[in-house]
Amino acid sequence: MAVAAVKEYVGERKDVAANLPPGTQLTYVGWIDHLMFCAPFAFPLPSDMPFGAIVEAVLPEAFGAHPDFAKIDWSTVTWTKGRQPFTPDFSKSLADNGMKHKDSLTFSTPGLTGIKGSHS
Amino acid sequence: MTMTSEPTPAAKKKLGLKERYALMTRGLDWETTYQPMEKVFPYATYEGIKIHDWDAWQDPFRLTMDAYWKYQAEKEQKLYAIMDAFAQNNGHLGLTDARYLNSLKLFLTGVSPLEYMAHRGFAHVGRAMPGVGARVACQMQSLDELRHAQTQIHSMSNYNKLYDGFHSWRHMHDRVWYLSVPKSFFDDAITAGPFEFMIAIGFSFEYVLTNLLFVPFISGAAYNGDMGAMAFGFSAQSDESRHMTLGLEAIKFMLEQDPDNLPIVQRWIDKWFWRGYRVLTLVAMMLDYMLPKKVMSWKEAWEIYAEENGGALFADLARYGIRPPLGWQQACDDKEHLSHQAWSTFYQYQGAAPFHTWVPSPEDMAWEAEKYPNTFDQYYRPRFEYWAEQEAAGTRFNNATLPQLCQVCQIPMLFTEPGDPTRICYRESEYDGETYHTCSDGCQAIFDHEPEKYVQAWLPVHQIYQGHCFGPDADPTSPDFNPLLEVIKWYRMDVGTDNAPYEGSRDQENFQAWKAMQTKN
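Line order of the protein sequences matches chains Y and G. The first sequence maps to residues 1 to 120 in the working numbering. The second sequence maps to residues 1 to 521 in the working numbering.
FYI, nobody ran anything at the bench for these hints, they're computed from the structure. There's no promise every hint is true.
Unchecked claim - Computed beta-carbon distance windows for the label pairs:
| hint | chain 1 | residue 1 | chain 2 | residue 2 | range |
| --- | --- | --- | --- | --- | --- |
| 1 | Y | Gly64 | G | Asp333 | 29 to 37 angstroms |
| 2 | Y | Ala95 | G | Ala318 | 47 to 55 angstroms |
| 3 | G | Lys78 | Y | Pro60 | 54 to 62 angstroms |
| 4 | Y | Thr76 | G | Asp333 | 27 to 35 angstroms |
| 5 | Y | Glu8 | G | Asp480 | 43 to 51 angstroms |
| 6 | Y | Pro60 | G | Ser238 | 51 to 59 angstroms |
| 7 | Y | Phe90 | G | Lys161 | 53 to 61 angstroms |
| 8 | G | His167 | Y | Ser91 | 48 to 56 angstroms |
| 9 | Y | Pro67 | G | Gly48 | 52 to 60 angstroms |
| 10 | Y | Ser91 | G | Glu430 | 48 to 56 angstroms |
| 11 | Y | Ala53 | G | Thr96 | 48 to 56 angstroms |
Said to hold, decoys possible - The list that follows gives simulated cross-link-like pairs (lysine-lysine, DSSO-like), each with its CA atoms no further than 27 angstroms apart:
| hint | chain 1 | residue 1 | chain 2 | residue 2 |
| --- | --- | --- | --- | --- |
| 12 | Y | Lys92 | Y | Lys81 |
| 13 | G | Lys515 | Y | Lys100 |
| 14 | Y | Lys7 | G | Lys50 |
| 15 | G | Lys39 | G | Lys453 |
| 16 | Y | Lys7 | G | Lys453 |
| 17 | G | Lys293 | G | Lys161 |
| 18 | G | Lys294 | G | Lys18 |
| 19 | G | Lys489 | Y | Lys14 |
| 20 | Y | Lys116 | G | Lys371 |
| 21 | Y | Lys14 | G | Lys294 |
| 22 | G | Lys75 | G | Lys14 |
| 23 | Y | Lys116 | G | Lys520 |
| 24 | G | Lys293 | G | Lys520 |
| 25 | G | Lys489 | G | Lys161 |
| 26 | G | Lys161 | G | Lys75 |
| 27 | G | Lys293 | G | Lys515 |
| 28 | Y | Lys81 | Y | Lys100 |
| 29 | G | Lys252 | G | Lys50 |
| 30 | G | Lys371 | G | Lys294 |
| 31 | G | Lys39 | Y | Lys7 |
| 32 | Y | Lys116 | Y | Lys71 |
| 33 | G | Lys294 | G | Lys335 |
| 34 | G | Lys39 | G | Lys50 |
| 35 | Y | Lys81 | Y | Lys71 |
Backbone N, C-alpha and C fix where the C-beta goes; we use that ideal spot for every residue, glycine too.
Same shape as in the complex, but just chain Y (with noise of 0.2 angstroms):
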């Protein structure tokens, strides 16, 4: 619904990817049952950077504070983007994968369930 206002009301977006150095898109990730990391984190990443990347540069960085993260298997792990299932092809580029800017994915390491269980 538009905004209630004396005049025409156009808001600036603020967050757009041309707002980011070029090629780079904003890029939201979750694990499941790890609330250890109190949200998910936003990377900033290259549209271009293969899928594989996030796993093995971002991702340890990230999240490799927690006992569980050495432990994951990676080929068991499954995906959602936007709170769908998604099955990455890690070769490919971000981009190739259907990923644009501000896309939100979780991963979901099954067996683990945080510390002592808790899902933290």
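For this one, chain Y is given, so just place chain G on it according to the hints.
Relative to the frame of chain Y, chain G by itself:
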């Protein structure tokens, strides 16, 4: 000389309160002739609220400006006498513990600037109201809010001489990630129309939620030996009851003036209850984790001030067709989780917060478990105990990756699904080809109703990634450029002191040393 003159007329009797009130409010108003009234009050109708008779506005306090000044000046004199005595007698050494000061740092950076914004907001809204009764009431509240900002700042300035983290609260308020939460809340309110502002701040915040903000902080001050903060709390109390009355009068007035106002007012109540409730996340963690001597749990505070008092209020408003706000039930359910989720967040982002955090001690965890028998041991204790082990091993958990934020409340997406505390609550909206993320049904509904407003949100995480949060001397091309450190400097936090864990902090060391000097040779 003969006394033939007529008897002198008796001095005219003093005006009665009612008469005086009429003359000093209604009697000061006039109809403009050089300009039509709708040009003098250009914001009076565009929100869709219909007012037919401004004279129906009732002000139960009947306070007039001349009396206001006298009354407030007396109060202020007493307040400053107490604050001076507290400062001169080293009152800070009577605090339960220096950890207490962190709740004041939170208040000073997060709440006092809102008092100032409320001053501006009520001045603006008062000017925009075509009815003089409402205008005078808004003028007084505007002055109250300015006084409250000042007295809070003065009261806390004493601590700035002695403790870290009190120095740049105003600079921080416009920049620091968690302060965008209270800041954006108030910016949203003052950029709304005058009637929405009255429902947002006058009613939803001042009436429905204010006790959940002030009682915890002021009782917390009393329980922890902070005479200064306690004194400003008590001094503000008589003003607060006037503010509550104004908020209630405003909503009843709107609802009585025209039946078309009901759906608009109801939507504002839904929106502003939720927005205010989200800001109170900070109070929840203050009550449960930051007070060394605890007053009550957030859950208990919520039960008394929201469920009981608020429940009675909405039962009363039902005769106008108003129902409780949409997010009410979720807020009641979340009372079991809110403070634990919030404190976990600040603990891990310690490096970016200008106050100290800590793992609750075993005694404090026993208190949490007693107050939260349904949730603490199951969901939160394992996390805190793990962090305590990590601290003992010298590997404190510091989260150095920036979180995803809610587009509306701007809080990291830390809230869990209603009914499932093991899953983060994600909501997505599409607008004009772009995806927007919110933390809850409440925030999503607010976004979806006015997306054009919220696309403008200054989300700290995105702003950092866009390169807007570095000082002029930062050089992103330098090989040893550390972006997060540069952001902290831009926040004007003293790195390693303001943003350090409580254990080993300068506040902790000094407080212990000064206490020892008081009692030992």
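Each hint, compared with the structure:
no.	hint	result
1	Y:Gly64 x G:Asp333: 29 to 37 angstroms	holds, 34 angstroms
2	Y:Ala95 x G:Ala318: 47 to 55 angstroms	holds, 54 angstroms
3	G:Lys78 x Y:Pro60: 54 to 62 angstroms	holds, 60 angstroms
4	Y:Thr76 x G:Asp333: 27 to 35 angstroms	holds, 33 angstroms
5	Y:Glu8 x G:Asp480: 43 to 51 angstroms	holds, 48 angstroms
6	Y:Pro60 x G:Ser238: 51 to 59 angstroms	holds, 57 angstroms
7	Y:Phe90 x G:Lys161: 53 to 61 angstroms	holds, 57 angstroms
8	G:His167 x Y:Ser91: 48 to 56 angstroms	holds, 52 angstroms
9	Y:Pro67 x G:Gly48: 52 to 60 angstroms	holds, 56 angstroms
10	Y:Ser91 x G:Glu430: 48 to 56 angstroms	violated, 29 angstroms
11	Y:Ala53 x G:Thr96: 48 to 56 angstroms	holds, 51 angstroms
12	Y:Lys92 x Y:Lys81	holds, 16 angstroms
13	G:Lys515 x Y:Lys100	violated, 58 angstroms
14	Y:Lys7 x G:Lys50	holds, 19 angstroms
15	G:Lys39 x G:Lys453	holds, 25 angstroms
16	Y:Lys7 x G:Lys453	holds, 14 angstroms
17	G:Lys293 x G:Lys161	holds, 24 angstroms
18	G:Lys294 x G:Lys18	violated, 45 angstroms
19	G:Lys489 x Y:Lys14	holds, 23 angstroms
20	Y:Lys116 x G:Lys371	holds, 22 angstroms
21	Y:Lys14 x G:Lys294	violated, 41 angstroms
22	G:Lys75 x G:Lys14	holds, 25 angstroms
23	Y:Lys116 x G:Lys520	violated, 46 angstroms
24	G:Lys293 x G:Lys520	holds, 24 angstroms
25	G:Lys489 x G:Lys161	holds, 21 angstroms
26	G:Lys161 x G:Lys75	holds, 26 angstroms
27	G:Lys293 x G:Lys515	holds, 18 angstroms
28	Y:Lys81 x Y:Lys100	holds, 10 angstroms
29	G:Lys252 x G:Lys50	holds, 13 angstroms
30	G:Lys371 x G:Lys294	holds, 11 angstroms
31	G:Lys39 x Y:Lys7	holds, 14 angstroms
32	Y:Lys116 x Y:Lys71	holds, 14 angstroms
33	G:Lys294 x G:Lys335	holds, 17 angstroms
34	G:Lys39 x G:Lys50	holds, 17 angstroms
35	Y:Lys81 x Y:Lys71	holds, 23 angstroms
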